[in-house]
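2 protein chains.
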Amino acid sequence: MAERRVRLRDVAERAGVSVGSASQAFGRPELVSDAVRERVLAAAEELGYPGPDPAARRLRTGRAGAVGLIFSERLAYQFTDPAAPPFLRGVSREIEKSPTGLLLIPDSRRRDEGARLVRESVVDGFIVYSVPQNDPRMEAALGRHLPIVTVDQPRGAETPFVGIDDRAAARSAAEHVRELGHDRVAVLSFVTTLEPGTALELDLTSERLAGYEDGLGAAWKSELVRMCRPNAPGPAREATLELLREPSPPTAILAMSDILAFGALEAAEELGVAVPAGLSVVGFDDSPGAAHASPPLTTVSQPHEEKGRLAAGALIEAIERGSRGEPSRTFLPTELVVRES
Amino acid sequence: MAERRVRLRDVAERAGVSVGSASQAFGRPELVSDAVRERVLAAAEELGYPGPDPAARRLRTGRAGAVGLIFSERLAYQFTDPAAPPFLRGVSREIEKSPTGLLLIPDSRRRDEGARLVRESVVDGFIVYSVPQNDPRMEAALGRHLPIVTVDQPRGAETPFVGIDDRAAARSAAEHVRELGHDRVAVLSFVTTLEPGTALELDLTSERLAGYEDGLGAAWKSELVRMCRPNAPGPAREATLELLREPSPPTAILAMSDILAFGALEAAEELGVAVPAGLSVVGFDDSPGAAHASPPLTTVSQPHEEKGRLAAGALIEAIERGSRGEPSRTFLPTELVVRES
DNA sequence: TCCTATCGGTGAACCGATTCATTCATCACA
DNA sequence: TGTGATGAATGAATCGGTTCACCGATAGGA
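Chains as they are written, first to last, in this note's numbering: chain R, 468 to 808; chain D, 468 to 808.
Calculated from the structure, these hints are not laboratory results.
Since we're looking at a predicted model, the values are computed, not measured.
Just so it is clear, CB atoms sit at the ideal spot from N, CA and C, and this is done for glycine as well.
Hints may be right or wrong, so weigh each one.
[Said to hold, decoys possible] For each label pair, taking beta carbons as the anchor points, the in silico distance ranges come out as: (1) R:773 to D:514: 31 to 41 angstroms; (2) R:495 to D:793: 39 to 49 angstroms; (3) D:739 to R:802: 30 to 40 angstroms; (4) D:715 to R:802: 44 to 54 angstroms; (5) D:807 to R:756: 14 to 24 angstroms; (6) R:705 to D:738: 35 to 45 angstroms; (7) D:715 to R:756: 36 to 46 angstroms.
[Stated by the list, open to error] Not close to chain D: a few residues of chain R, all C-beta gaps over 12 angstroms, as computed: (8) 497; (9) 645; (10) 698; (11) 711; (12) 716; (13) 762; (14) 806.
Produce the entire structure from the sequences given, and follow the hints as far as they go.
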C-alpha cells in the first residue's frame with residue numbers, strides 16, 4: 468500500500484498500451500477503442516491508480532481549474548460580517564457551472580504569509596473581496612498577471628470591478644433622514660484605510676461619507692462623525708452611548724453597516740431612547756438579521772449574492788478569453804429599504 | 468503585454484545564468500551568490516516574470532500546498548448551519564500555520580460534478596465535514612489515496628475521525644429533561660441518511676436517537692419522534708405546531724440542532740405556550756445565537772472550533788508523515804449548557 | 001609548489017501527464 | 001486489385017520548474 472505512487476505509465480504498461488493511449492482512455496474516451504479503454508481502466512483498478520495527477524495535468528493544459536478568493540479577515544470571523552455568506556453563495560453558484568474550485572485565501576496573521584499563498588496557489592485567477600488598499604495579497608495577486616476581479620475594495624486598481632455606487636447609496640440614506648426632518652444627524656463610519664494622497668473617490672469609506680454629506684446638505688456636522696473599529700456592534704454601541712449623552716444629542720444616526728446600526732440600537736435601548744420616536748437609525752447592507760431586529764431596521768440594501776455571481780462570472784469569462792479587453796466596472800443598484808427604525 | 472508567458476528560462480537567459488541558478492535565486496537564496504541573485508531578480512523584474520509557476524513547482528515537489536474541504540450543501544447554500552463558521556475558523560487557524568490554502572468543495576447540484584472536482588483538484592488531502600454516507604465525493608476522495616480526515620460524518624470510513632460522542636451527548640440532554648420530571652418528550656430529528664443494512668453506530672442521527680432513548684428510558688415514545696428536513700426552523704416549527712395541537716401534547720422537546728430548537732420556540736410562541744413553564748426545549752450545538760434566543764436556549768455544547776483545529780492538524784500531520792499508521796479516532800467532550808428553556 | 005577543501009554554478013534528469021504528427025491496419029469502392 | 005478514406009495506436013515533444021551529481025576556480029595549508 469505504501470508502495471511507490473502509481474503513474475499513468477505503470478497503468479499503460481500493465482494494460483499493454485502506450486502512455487498516450489492510456490491518457491486518452493481517461494480524458495478522451497471517444498478516441499480509443501472500447502477494448503483499449505476497458506483494458507486501461509481495468510489495469511488502473513488493479514494497480515489502485517488514483518487517476519491522472521491533477522498537478523501534472525494542470526502543468527500541461529495550463530488551466531488550474533480553480534479561482535482564488537482573497538478576502539478580509541472578517542470572513543474568517545464570519546459573524547461579524549453577515550454580507551459574506553450571500554456573497555459566497557453567489558460566487559459558488561456561478562463557478563459551480565464550470566467545475567471550478569474555490570480556494571480561500573484568508574488574511575493570515577503574518578501578513579506576508581497570505582501574500583505567499585497568493586503567489587503559490589494553483590489558480591486561474593483571483594476574486595478580491597473587499598480588502599484594504601494596502602493589503603500585500605493584492606499586490607501579490609497583481610504580480611501573478613492573472614485575471615482579477617475586485618469587489619467593493621480596493622477601488623481604482625486596474626482590474627474589472629464589481630460594486631455599488633457607494634456615494635449614491637449613502638446619499639439616498641441621508642436624504643431619507645433629511646426628509647424626515649432631522650437636522651442633527653450622526654454618522655457611524657468605518658475607519659478609512661486610505662493612504663494619504665490617494666484620490667478620495669477610491670475609498671469606500673470616503674465615498675460613503677461624501678454621499679452622506681451630499682444628502683444631508685446643511686445638516687451635515689462633521690463633529691457628529693464617529694469612526695468605529697472594528698466593524699462590530701461593540702464600538703458602535705460605545706460611540707452611540709457617548710453621542711446620546713451629549714448636551715444636544717443627535718436625532719438620527721446613519722451607520723455604514725447594519726452591524727454598526729445594531730450597536731446603535733443596543734445603545735438606544737440601554738438609555739431608554741425609543742426608536743424611531745426619539746432616534747432614527749439607518750443601516751447599510753440589508754443583512755439577513757436586519758428585518759428581524761427590533762425594530763426592523765431601515766437600511767440600504769445591496770445585492771450581495773448578485774455581486775458574487777457577477778464577480779465570478781466576470782472572472783471566468785476573463786480567464787476563458789485570456790483577459791484582454793478593457794477592464795469593466797460594474798455598479799449594481801442599491802435600494803433604500805424603509806422599515807421601522 | 469499579451470506576449471507569451473515569461474518562463475524561468477527567459478529570466479535565466481537574460482540574467483546570463485543557468486536555469487538551475489535562477490531557480491535557486493528564487494527558492495533557495497542562500498545557495499547562490501548575492502551577485503547572481505540580484506541579477507536574476509532584476510531580470511525577472513524587467514521581464515515582468517510572475518514568479519515560478521506554482522503548477523510546475525507542485526509537480527516537481529509533489530506538494531500541493533492546499534487541502535480540500537468537502538462539506539455538505541447546507542454550508543454553501545446559506546451558511547444556515549451556525550456550526551460551520553466556528554468550524555471553518557478552527558480549520559483556517561490551523562492551516563494558517565503552514566501556509567496552506569483551503570479549497571472549498573461544495574456539494575454541486577449535479578452530484579458528479581462535485582466528485583469530479585475532488586478528483587481534479589490539486590490538494591494534499593481532504594477534510595470531509597459532515598457529509599452524508601453515500602456522497603459521491605467521499606468515494607472520489609478515497610480514490611485519490613490521499614490523507615483524509617473525516618469530521619462528524621460519515622463515520623466508519625477507514626480514515627482518521629474527529630467528532631463527538633453523539634450518543635452520550637444526546638443521553639445527557641435526555642437525562643436532563645427526565646430529571647426535570649418530563650415524561651412526554653418529543654424529539655425533533657434529522658432525516659437519517661443511513662442505507663439499509665449499515666450498522667447503526669455509524670450514523671449520527673441514529674446515534675443521537677439512541678442516546679435520547681437511553682436517557683429517557685421509560686419516557687421514550689417513538690411516536691413523538693419527528694423527522695425535520697431540511698435542518699431549518701421551518702420544518703421544526705411545523706412539526707412542533709402539530710405536536711402541540713395533539714390531544715396530549717409533549718411537555719418537553721429534544722432537538723437535534725439549535726436550528727430545529729428555534730423552530731420549536733417559534734411554534735410555542737405562536738400557540739402561546741410558555742417556555743419553559745409549559746414546554747421545555749433542549750437544542751444541540753450551542754450555536755452563537757443560542758444564548759441570545761428568548762428564552763436563552765438550553766443546549767448541548769460542542770467544541771466546533773476545536774473540531775476544526777484538530778481535524779486540520781491531524782490532516783496536516785498525516786500529510787507530512789506520509790499517512791502511515793493507525794487511523795485515529797478522536798471524540799471531543801460535549802457539555803450540556805443549561806439555560807432557561 | 002602542490003594538494004585539498006570550499007564555494008558557486010552548471011546542465012541534465014525528472015516530476016506525470018497531454019497532445020499531435022505520424023504510422024499502421026482495415027475497409028469500401030471503383 | 002489498387003486507391004483513398006477512415007480509425008486507432010504510437011511516441012516524442014512539451015508544459016515550467018526543482019534537484020543534484022559534478023566541475024572549475026579560488027583560497028588555505030603543508
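Results for each hint:
1. R:773 to D:514: 31 to 41 angstroms: holds (39 angstroms)
2. R:495 to D:793: 39 to 49 angstroms: holds (41 angstroms)
3. D:739 to R:802: 30 to 40 angstroms: With a Cβ separation near 37 angstroms, residue 739 of chain D and residue 802 of chain R satisfy 30 to 40 angstroms, so the hint holds.
4. D:715 to R:802: 44 to 54 angstroms: holds (49 angstroms)
5. D:807 to R:756: 14 to 24 angstroms: holds (22 angstroms)
6. R:705 to D:738: 35 to 45 angstroms: For residue 738 of chain D against residue 705 of chain R, whose Cβ atoms are near 40 angstroms apart, the range 35 to 45 angstroms holds.
7. D:715 to R:756: 36 to 46 angstroms: holds (37 angstroms)
8. 497: At roughly 18 angstroms from the nearest Cβ of chain D, residue 497 of chain R sits farther out than 12 angstroms, so the non-interface label holds.
9. 645: Consistent with the label, residue 645 of chain R stays out of reach of chain D, its closest Cβ about 34 angstroms off (over 12 angstroms).
10. 698: holds (16 angstroms)
11. 711: Fine: 23 angstroms to the nearest Cβ keeps residue 711 of chain R off the interface.
12. 716: holds (27 angstroms)
13. 762: holds (16 angstroms)
14. 806: holds (20 angstroms)
The earlier numbered hints are all upheld by this structure, with none contradicted.
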